[in-house]
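**Q** Fit chains U, G, V, E and F to the supplied structure of chain Z, relying on the hints for placement.
Those protein sequence lines, which keep their order, are chains Z, U, G, V, E and F.
For the first sequence, the UniProt record's numbering gives the first residue as 1, with consecutive numbering after it.
For the second sequence, the UniProt record's numbering gives the first residue as 1, with consecutive numbering after it.
For the third sequence, the UniProt record's numbering gives the first residue as 1, with consecutive numbering after it.
For the fourth sequence, the UniProt record's numbering gives the first residue as 1, with consecutive numbering after it.
For the fifth sequence, the UniProt record's numbering gives the first residue as 1, with consecutive numbering after it.
For the sixth sequence, the UniProt record's numbering gives the first residue as 1, with consecutive numbering after it.
Remember, identical chains collapse to one label, so a pair may be satisfied in a single copy or spanning two.
Restricting the straight-line Cα-Cα distance to at most 20 Å, the calculated cross-link-like pairs of lysine to aspartate or glutamate (EDC-like) are:
hint : residue 1 : residue 2
1    : K81       : E105
2    : K101      : E124
3    : K288      : E7
4    : K101      : E78
5    : K101      : D151
6    : K143      : E124
7    : K53       : E24
8    : K20       : D273
9    : K81       : E117
10   : K236      : E208
11   : K254      : D215
12   : K236      : E203
I should point out that these hints are in silico values taken from the structure, not numbers from a laboratory.
These are the residues of each chain, in order.
Number of protein chains: 6
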Amino acid sequence: MEQMENEIEELIEQSKQKAKVLTEALPYIRRFNNSYVVVKYGGSAMKDKNLQKSVIRDVALLKLVGMKPIIVHGGGKEISKWVRMSGKEPEFYHGLRVTDKETMEVAEMVLFKVNQELVAMMAEVGVKAVGLSGKDAEMIRVKKKEMPGKDLGYVGEVTSVDTTLLEALIEDDFVPVISPIGLGDNYEAYNINADDTACAVAEALNAEKLVFLTDIEGVFVDPEDKSTLISEMDLKQAKEFIDNGVVGGGMLPKLKNCIEAIEGGVSRVHILDGRLTNCLLLEFFTEKGIGTAILKEPLFDKPLFSEDEEGC
Amino acid sequence: MEQMENEIEELIEQSKQKAKVLTEALPYIRRFNNSYVVVKYGGSAMKDKNLQKSVIRDVALLKLVGMKPIIVHGGGKEISKWVRMSGKEPEFYHGLRVTDKETMEVAEMVLFKVNQELVAMMAEVGVKAVGLSGKDAEMIRVKKKEMPGKDLGYVGEVTSVDTTLLEALIEDDFVPVISPIGLGDNYEAYNINADDTACAVAEALNAEKLVFLTDIEGVFVDPEDKSTLISEMDLKQAKEFIDNGVVGGGMLPKLKNCIEAIEGGVSRVHILDGRLTNCLLLEFFTEKGIGTAILKEPLFDKPLFSEDEEGC
Amino acid sequence: MEQMENEIEELIEQSKQKAKVLTEALPYIRRFNNSYVVVKYGGSAMKDKNLQKSVIRDVALLKLVGMKPIIVHGGGKEISKWVRMSGKEPEFYHGLRVTDKETMEVAEMVLFKVNQELVAMMAEVGVKAVGLSGKDAEMIRVKKKEMPGKDLGYVGEVTSVDTTLLEALIEDDFVPVISPIGLGDNYEAYNINADDTACAVAEALNAEKLVFLTDIEGVFVDPEDKSTLISEMDLKQAKEFIDNGVVGGGMLPKLKNCIEAIEGGVSRVHILDGRLTNCLLLEFFTEKGIGTAILKEPLFDKPLFSEDEEGC
Amino acid sequence: MEQMENEIEELIEQSKQKAKVLTEALPYIRRFNNSYVVVKYGGSAMKDKNLQKSVIRDVALLKLVGMKPIIVHGGGKEISKWVRMSGKEPEFYHGLRVTDKETMEVAEMVLFKVNQELVAMMAEVGVKAVGLSGKDAEMIRVKKKEMPGKDLGYVGEVTSVDTTLLEALIEDDFVPVISPIGLGDNYEAYNINADDTACAVAEALNAEKLVFLTDIEGVFVDPEDKSTLISEMDLKQAKEFIDNGVVGGGMLPKLKNCIEAIEGGVSRVHILDGRLTNCLLLEFFTEKGIGTAILKEPLFDKPLFSEDEEGC
Amino acid sequence: MEQMENEIEELIEQSKQKAKVLTEALPYIRRFNNSYVVVKYGGSAMKDKNLQKSVIRDVALLKLVGMKPIIVHGGGKEISKWVRMSGKEPEFYHGLRVTDKETMEVAEMVLFKVNQELVAMMAEVGVKAVGLSGKDAEMIRVKKKEMPGKDLGYVGEVTSVDTTLLEALIEDDFVPVISPIGLGDNYEAYNINADDTACAVAEALNAEKLVFLTDIEGVFVDPEDKSTLISEMDLKQAKEFIDNGVVGGGMLPKLKNCIEAIEGGVSRVHILDGRLTNCLLLEFFTEKGIGTAILKEPLFDKPLFSEDEEGC
Amino acid sequence: MEQMENEIEELIEQSKQKAKVLTEALPYIRRFNNSYVVVKYGGSAMKDKNLQKSVIRDVALLKLVGMKPIIVHGGGKEISKWVRMSGKEPEFYHGLRVTDKETMEVAEMVLFKVNQELVAMMAEVGVKAVGLSGKDAEMIRVKKKEMPGKDLGYVGEVTSVDTTLLEALIEDDFVPVISPIGLGDNYEAYNINADDTACAVAEALNAEKLVFLTDIEGVFVDPEDKSTLISEMDLKQAKEFIDNGVVGGGMLPKLKNCIEAIEGGVSRVHILDGRLTNCLLLEFFTEKGIGTAILKEPLFDKPLFSEDEEGC
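One chain only, chain Z, in its complex shape (with noise of 0.2 Å):
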């Protein structure tokens, strides 16, 4: 008897909860109905089976509440193994792929492969994707990237993006998969940094969200003090974190490209450890999320029920 008093105790605290995460969620996900979310898809989330199952279910749960999500993906080492195959030695300067013209279409190549079965997955949980590259619809265009002593052959800096193409197909919901490639000047394909893609179409699209799915947890006041994680902050604190020294490493250049993505238009940059199943889903639909988010302003104003009310 007593026990049965327990479970049905047990069952309201776990209805409470459940409908604390609700009430919490419902306004985010009413809040970015019909945002573009582009999500950069990189690193260990993209090479593990299940972590990409997570990150392709979650994707699709956003676009299954109205959001309208966008997917730019790396192409990481498996271009390397191409490349050797094809009888080349992959080489790399400051960190950037030379490429030359075999390269390039051998990166074209791999990069498509990765492309098609991000799709295939897609299709799998009943989403509607298309793969896409940046010389489709002349949607990327590019200029050769210039460095100083060394010619990179066909590495592109993206010069503009055209969103005509991807607004029709969100517009006919699909999902855009894209490719980082650009079209130069001459109609030849570009190499290029696929951060620096997703950073450009979310800007051109002036999206609500960017997010960039990595191998690291977010951004700390202490970087070995994992409860120092800062879940927000604006763009002032963002520029005082670089100038300060706080941030450093492979944070840095991701954190100016959260700046300027914040500057060029879009409205909140996330950095997610692509590593946790469901990070998506956190870190957009709970208020502390769970990495960090880069904001041009702060979301609500105030909260839409107050602590009081809350108490009820």
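**A** Frame of chain Z; chains U, G, V, E and F shown alone:
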């Protein structure tokens, strides 16, 4: 040090729980987007100020995520109070209020008072509600209820519901709040049972959901054993329940109403305990719900993601 | 034989008269097609059953030929009756009802009763009316009226009118019938003067016409001489009238209201004697009208057809 | 003093009369809003300058209150005059003009002259009219009229009316003025009877009304007794009239045309005396009218407001 | 055997020629899609039956590929013939027809005859044309042309063109055919010069093209040397031509008209020899054209495909 | 002097030729406006750079004049090259590539390379093309091709084509370029025959035209005699050709494909020699064409203008 690890552990556990709730809820949120949800609101849930606020806030959240709520309220005991004040003694016959001209006038006035209180509460949580009676735009037409051996006066039975006004208001993002008053052939007001009104409105709208907020927790196999709550049943099961005499007391007319509503075109009818905080959210956005739902047909043929995938 | 000829003669004469009325009326009918017409309805015209029917039928005919009428009604003496019934003594201060919480509750209820009577009468002549208070959809926001030396309680002044709901209803061919109740900052109901309410609504809608149905026949040069009725005046003339002290008594605040309305965007304001049958039709569709109209600018620059043509 | 009272009395009486005319007219105005009204315009009404102006002004007023008038005119005697001028003697056979090539050319030119005079008169009263022949946009296709024993030349019978052009013009608020000329299979012009043309156009448009402006006052039970004018009859009655031999002379083909039009989809056909000033207004907007109307079905099932109500 | 090879050779050569013509024409076809093209049609091209057919067929083809042709025609010598027939002697003053009331009537009738002949010819090649005068819908308003020392009577100068009717007709796929008649302030018809009419219509429509079909082959540097035809000139060049006295005779007013049209908003004006079969097609869809075009600005900045590419 | 005359003569002759080509072409241009045209692009036409440019430019011109081209390309020999590079020996069975997992991966990559080359070439001539595989948006669903005695691996047969994506892209003026890859039930990629893919896409779109650009000149009565080329045949004739054994070799499956396409809803199928410059223009816009067309029904019932008229 160990403590911090524990804390993080706990945080991760919490995140998993939240993600689980969200993953569970999102498909429902999508599924019920743009659906008409008629909420019959009466009983204890309407008397307690805090419960009132909880219900109103839930309705606001339903609206927030794209549903189209319609509220039908009752008037209850307050009518009798004002009838007495006007110098009459309230009279009932077989549970129905004997309603002469003056009593009807008082009933209308009191119902309007209740109606406008709800409208004001909706305003407080940011939802634009519009109070209506069935006389407005000749929305609810009735005929006099005949009762052998007794003239009940202005007590009506719904003969038709014209949804033009409701659809126009909802289209423009307003939430209708309806008093159970109907217009007779002679263009006079008639008193109608609030449950019947809700039922008729839901049928006329082919509502996705009709919810009875009551003072009972749902339908039980064994009313003495709270663990025997029936979360879902279909039409056939509901009828068997009645035939088998399992259901009795106040639940019987309620369940009959449910069956009628389903047969009249409503997809799901919910019997919910209005005394539970956030009862609407929990019933709508969790798999089990917290009350009893009678369905025309199962909601999802198969789970969106299979169990195995859930595991990753 | 001669008799028949006389009869025919007479018929022809009648036809000529009819044709004259129609020729006179049709351009106005066209001119006011699709125009918002706010009718403040109060005084004697509202107490006599037959006059009520005449007004309602005129409104129905206005609707029939394409105008968009909105009715604002008052509550008058009946409120006091019910306040007394509830055990209070009505209190006034400088003509304003001192309105405590309970009195406000009673006022709302009584106004609703009046409102729903009008709605039902409209239904009888085939017009779908919708009863509203200023609380519905937060349509009329008010602030507390401050009066030196006396707390008037829940007496409000209009601060803003949101016409979204009105426009939505009118768009769908409904006629709004508005009770003079406003919503305060604290989401409580406030009592407002019906003339002021009509004025505020007409201004917010940029109405073509605002009509005050009163117990006086219009503005006279010499109130003792009925033949000195002023059919039309413009804003400047109206102001001179006030400055010259010609107008006095109850007419003074009315005329000030008219001037305010014109300055607030209404094209013409009419002061009509609601005790005359078909007063609205006669004022709107005949050249002279039967009351006094204050105009922003003359209606037709030149007659549609010249006198001479009229002669043929 | 007494005189003034008498004057006021009289004014009130006049107002009542005006109100009565308006109350009578408004439902018709609404009823015929957006209706196609085809007016066959010929006979005396077309020869007298003043009558012309009266008809044109009535048509302008019909347009003003939302109807969609189309005018079909005849050419009459003027054609013969010009045929003679061109050096030919007009020839008729069984009332039909024998029309050789040159005569057809002259007929077209004269009809166009008449047409453009009407167009200019419409302009004078502010209506944008567009003159058309049946050749424009291949609107009216005809076949050669066969007459045993005589080749009539370019005399045609309507085989089809393409309303595309008419609808396009009316949609853009123009009033079409049509000459009775048709296009043969050989792409040559043919002469057509104006009554037949009006009939064919009205049928093709499913017109609400077709009006024949003639030199007779309508259909009479006893043509000798003007008091026996038949205001309205239905199809069955009209046929009986013919069968009973009551109708004869010029009225017979007219009435047959009426019956054909009704059977072809027109709702009401009116035979009006074009010599009466404002004949169109009086026929359309008064209960009795002034001519004879043949109806598919009665206009209003029941009076909008009952007699008793009228009395108040 | 050899013969067959020769035949094939020839076939291939023909194909190459055809392909060349098409490759040349298609960009123009696209470029002028949806463009207004006003064709002034007069002179010899209008007198010869075969030339008439050729022009009409070209206009039909222009319509077929998506242009929006408008024809403005003249009346020429035939008016004088009919004036004489009506018993008057035609009178001219400085090249302008002295037009009394009767002459104007005749002119209107004759122009209408010409107009309706064109309309019928259009019908024959499957194009729905609508004949118009400037009086229709008050399209062309004029004032009396003043000439010192002589009252010209009903000779008018265009003061404004209302394109509403033209746009409505063209929108619905009709081809307007316009007689050069205007409506004066007194609502009477006036005679207007056909070239001026075409010019005014083209300007009012901001036409892409205005074409004068004349009896001359274009503008020549040396009128004696046919090889000095000027295919294209811009506004500046055209003015220089006039200033240098190179252009004279009948070409001078024509060229002034061209300049005025360009300055009034027309993009290109063409002077074409209407006596050449298919002159419109050849001028519009070949690079060189066959007449003289005066342009606001060059049509294509650079060739769509360069010479080299053409070579492959 | 005589020389000049000759030159002029020649110019006139050229003009006549041009006019003839245009007069011939324009009706086709109109006729095929807005039509879907599926071009299967493979064979020699795809290997030669100059031919590639010619085809791409023709497609650009088709687009320019309002058609809606869709390109389906093959991959051909290059796949084998890359399979070898990845360390495998290509294997065929009855002409079909035996396709294991790795081979499929390589095939996808190579097809994508070809696809993106075409996309870039389209960009060069100003057309916005979008590269697609059948996996994108689950456009082409396939089942595994069963072959008795041999497991072909990832070789698929089209089961359905979802045109939503294609229509959305074309609606927004993009030209789809499709790789012959389909999505299996297991969400894996399958290799499909390019001819079959083109056929399935054309049927799903109810295309106006399906074009096979091949290495043969069309269907001949006597393949040895080039003058026996059949320009057009209908379905019945096509079937007789097969039954009579006239057609053989590589043409047989092609012709069967044509028949299937026609029966599946395509209006015309063209077999064209892709090695001829401007082959698409010549086939589409000249009366005879240059290849063989199989038609559902004749294009024009009768010539737009008769021979005689042509003569004028």
